[in-house]
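Asks: Next come the chains, spelled out residue by residue.
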Amino acid sequence: TMLPFRLVNISQQIVQAMGTKLWISHQTRGVMQVASCSTNTLTAQLQSSQSEQQHREVDDLIARMQVQLKGHDPAVMDSYEKFVCMVSQELSLPMRVEDRNRPHFVRLTLNRSPFIHKKHMRQYEFRTYCKTLHFSKLTGSTASVFLEYIQRNLPEGMAMQVRKERLEPLTEFLHKLNGEDAVAPTDSSNN
Amino acid sequence: MTPTGKLLLLSGLARRLLAAPSNHSLAAAGYSNSSSSNSSDVWSIGEGGVDDAGAASVSGRRGASSRRAGFAGYSAADVAAAAAASNTAGFRSLVVPGLTKEAAKPPLLRSRHPLTPRCGRMKPAHSSWPSVWPTARTFHPAAVPLPVRQGRPNNATENAGISPNKWGNTELIKVPNFLHLTPAHVAAHCAAIKHLCTPWPKALDEPGVIDKQLPLRVVTTDYLRSHHSIRDIRARRVDLSLCLDRLVKLDKRSLEKLLCLVSFSNFAKVDTQFVGSSRVRHLRMWSDRCPWRFQNYDYLIYALSALYSQSLRHESWESGKAWIDNQRYEFDGSSSQKKLAKLANKPATNAVTHYRNALIKLHRQPENGGTGETHDSLRQYGRAVEFLLGIGKGGGGGGGGPVKKLDASSAQQAGQTKRTTERQAAS
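Protein chains in written order, with this note's numbering: chain H, 1 to 191; chain U, 1 to 427.
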């Protein structure tokens, strides 16, 4: 099966699209060469040295991705969820939202007075709301583009965790143990 | 009374209090105080000297009842003409506040809405909200043409019981706004970046393709939060999972060795799932021992390769493996099997099979095909033992079982061991 090829410098293009200054400069990493594996470092080194110009990097394949959002203000989180819904519709990424609709409480009971008056105390609480967005079957490029755009627009006071499940073929060594030929998705012209 | 009317009244009063102007020209013109004594004359213009000055066009409608109406009867042109006429004659020009057009003075205080609110002056055909509000920005009440309100008054008297408006509202400034992420913004941004996305290959949707071509599943997590550092120590962790069916060369012995090696490690485990009747085993490994994510990934690939290659190798000393080293309970070689051989009454084959199955079900955990210690499995074991030894309820009706009724003759026989029978035979 032919896997998609893409070599992009995504950050710059997104920044230009949004019309903001490039205040974070990073290149998206993570386009794995399929045939390379650390057990056979010599081969990997040879390939990487050859492939600077000729070899096209293979795109990642992400079976599932979960974006977990945490915040203290439910109204802001709902607005952000609406924004991400809009983006997923524009980029045609099916999305499922999981919301427990119950925050996690951290409560503190502290003295009201700095000295004595122990009967009089004050109670504080921190509420952390959580929302998870589920995606499936994305390529690495699509995920990078989507994530960079929504992360640049993450409002202040909100945190995000992104969990990606990447699909990979067996390494050359494992194929050899299996007694199979390593199926490289690149063309034969690469050799 | 309108403000204009009030002003007129005041000015009129002021004029009454003031002395008559000692203007020679006025006196010459015949203007006298006597005319001002008439209360209504104070309000009318075309009286006395003005008439004498020759402004015949000015007509005065005097009437105590229609004091204010007297002014309504005069047109602006008449007033201007009268003023001009009086000027040319050398008189001071009469300035009536509210009627005489004066040069506009600059306002002392700048008012917020000199004309109308901005939302009334905006032209929708020519304005584009994304160009007005391109990026994230603190809320500005003048720039946002919406009558937004935020907050709640404590009681009905505070701010007339309604929410405070947007002007100088700190709550609106504090909360993050999404005015830079309206549907118009999002559509424009996504149209610009959509060409960078790649589609999911359709060939991978066919059943079995992913399991065969891409069996490894690598899980990584990224963390993003407002913090002085963008690093997060949890991001180094990598999880790897693989279906053991994909490791084709694993036979029974190799699989057992792999399970044994995995049980020794603290970073790997084998999960067993039952999909219908078939058993699916997944090898799951994780690593956060190295400081960088790619190092942990490399380590896991190495560990997987080492596990697989070592489980395929069978060393000579592995034959010295004892029954206790088995990964799961095996009946063959167990002490239960040895005790069966010592039984006086050799049990039938099916009784042994029942006993063996009951023991396996009792000892093996669910992932190995058993149930572990449950009420059902214990009861089944008990029944199997009764059947095996020919005792209990089941022993009475069982077919082909080693059933013996306990009567006087057989009790004696049952009590005899092999040794006693041999002695008897010998004697």
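I should point out that these hints are in silico values taken from the structure, not numbers from a laboratory.
Watch out, some of these pointers could steer you wrong.
[Stated by the list, open to error] Far from chain H, by Cβ distances over 12 Å, these chain U residues were calculated:
#1 135
#2 186
#3 194
#4 304
#5 305
#6 349
#7 376
[Unchecked claim] Reference listing, derived: stretches of chain U covered by chain H, where coverage requires no fewer than 3 residues with Cβ under 8 Å from a Cβ of chain H:
#8 306–313
#9 325–331
Glycine included, C-beta positions come from ideal geometry on N, C-alpha and C.
Asks: Report holds or violated for chain H covering the stretch 325–331 of chain U, Cβ cut-off 8 Å, minimum 3 residues.
Replies: violated (count 0)
Asks: Test the statement that residue 194 of chain U is away from the interface with chain H: the closest C-beta pair must be farther apart than 12 Å.
Replies: violated (6 Å)
Asks: Does residue 349 of chain U clear chain H by more than 12 Å, comparing its Cβ with all Cβ atoms of that chain?
Replies: About 41 Å separates residue 349 of chain U from the closest Cβ of chain H, which puts it past 12 Å; holds.
Asks: Within the stretch 306–313 of chain U, is the number of residues with a Cβ closer than 8 Å to a Cβ of chain H three or more?
Replies: With 3 residues closer than 8 Å to chain H, the stretch 306–313 of chain U meets the three-residue bar; holds.
Asks: Taking C-beta pairs only, is residue 186 of chain U more than 12 Å away from all of chain H?
Replies: The claim breaks: residue 186 of chain U does not keep its Cβ more than 12 Å from every Cβ of chain H (closest is about 5 Å).
Asks: Is the nearest CB of chain H more than 12 Å from the CB of residue 376 of chain U?
Replies: holds (37 Å)
Asks: At 12 Å, judged by beta carbons, does residue 305 of chain U keep clear of chain H as stated?
Replies: Violated: least Cβ distance 5 Å, not greater than 12 Å.
Asks: Could you check that no beta carbon of chain H comes within 12 Å of the beta carbon of residue 135 of chain U?
Replies: For residue 135 of chain U, whose nearest Cβ neighbour in chain H is about 6 Å away, the distance does not exceed 12 Å, so it is violated.
Asks: So residue 304 of chain U supposedly isn't at the interface. Is its beta-carbon more than 12 Å from every beta-carbon in chain H?
Replies: Residue 304 of chain U not clear of chain H: closest Cβ-Cβ about 7 Å, inside 12 Å.
When the structure is compared with the earlier hints, violations turn up for hints 1, 2, 3, 4, 5 and 9 and for no others.
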